[in-house]
Amino acid sequence: DTAVSQTPKYLVTQMGNDKSIKCEQNLGHDTMYWYKQDSKKFLKIMFSYNNKELIINETVPNRFSPKSPDKAHLNLHINSLELGDSAVYFCASSQVDGYEQYFGPGTRLTVT
Amino acid sequence: GQQLNQSPQSMFIQEGEDVSMNCTSSSIFNTWLWYKQDPGEGPVLLIALYKAGELTSNGRLTAQFGITRKDSFLNISASIPSDVGIYFCAASASGTYKYIFGTGTRLKVLA
Numbered sequence: 001d002t003a004v005s006q007t008p009k010y011l012v013t014q015m016g017n018d019k020s021i022k023c024e025q026n027l028g029h030d031t032m033y034w035y036k037q038d039s040k041k042f043l044k045i046m047f048s049y050n051n052k053e054l055i056i057n058e059t060v061p062n063r064f065s066p067k068s069p070d071k072a073h074l075n076l077h078i079n080s081l082e083l084g085d086s087a088v089y090f091c092a093s094s095q096v097d098g099y100e101q102y103f104g105p106g107t108r109l110t111v112t
Numbered sequence: 001g002q003q004l005n006q007s008p009q010s011m012f013i014q015e016g017e018d019v020s021m022n023c024t025s026s027s028i029f030n031t032w033l034w035y036k037q038d039p040g041e042g043p044v045l046l047i048a049l050y051k052a053g054e055l056t057s058n059g060r061l062t063a064q065f066g067i068t069r070k071d072s073f074l075n076i077s078a079s080i081p082s083d084v085g086i087y088f089c090a091a092s093a094s095g096t097y098k099y100i101f102g103t104g105t106r107l108k109v110l111a
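If you're matching them up, the sequences are chains P and R in order. Residue numbers for the first sequence follow this note's numbering, so the first one is 1 and each next one is one higher. Residue numbers for the second sequence follow this note's numbering, so the first one is 1 and each next one is one higher.
Simulated from the structure, these hints should not be mistaken for laboratory data. Where hints are given, some of them may not hold.
[To be verified] Restraint ranges, calculated between C-beta atoms of paired labels, are given here: (1) P:Gly16 <-> R:Lys70: 23 to 33 angstroms; (2) R:Glu54 <-> P:Ile56: 24 to 34 angstroms; (3) P:Leu54 <-> R:Ala78: 37 to 47 angstroms.
In this text, a Cβ means the ideal position worked out from N, Cα and C, and glycines have one as well.
So here's chain P without its partners, still in its complex pose (with noise of 0.2 angstroms):
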């Protein structure tokens, strides 16, 4: 009965690669997000989707590319990885805008 889900949950990868993340929400929210958390904890918004549709773009560099094919599911592509992408992902939902958020697990990107 997960409620945010993401997969996988630890990825390693060498540097100019190409890899995806996966998150499903099984709780009927209709925006979800990615964070990334660096070395130093800090969390910082990347995407917010609302309804399938792309409302934020936090000022990503366009190598991460976000999907959405249903309100359930948010995807982040990553081509072309650098050494500075390495650090925890998150994704996570609200019902709505300003409402309550719940994180998923996390997938820890480790570029080498």
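Chain P is fixed; fit chain R onto it per the hints.
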């Protein structure tokens, strides 16, 4: 960009003590959330606040939405070892579709 100033950055306390932490901003927000994050896991929502002046409890946790809408406070009473972790505040303004996060308070409880 917008920032939430969270303090203290870290604290060591004895088991059984009460803990207070706060979050301040120069901007006005409509929603304040408090989270706890354990190592290797995602942040877990503790308390949500939607109205200026609102005081909400969840077990030993109590949080308040500041009357100016620019700050929020979290108190933990009678701390126990499992309270160890990083506590984050987050705030959102209506129509922005994003939450700004504080820098976190790292809590360590000495048994």
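Compare the structure with the hints numbered earlier in the document and write down the numbers of the violated ones, lowest to highest. 1
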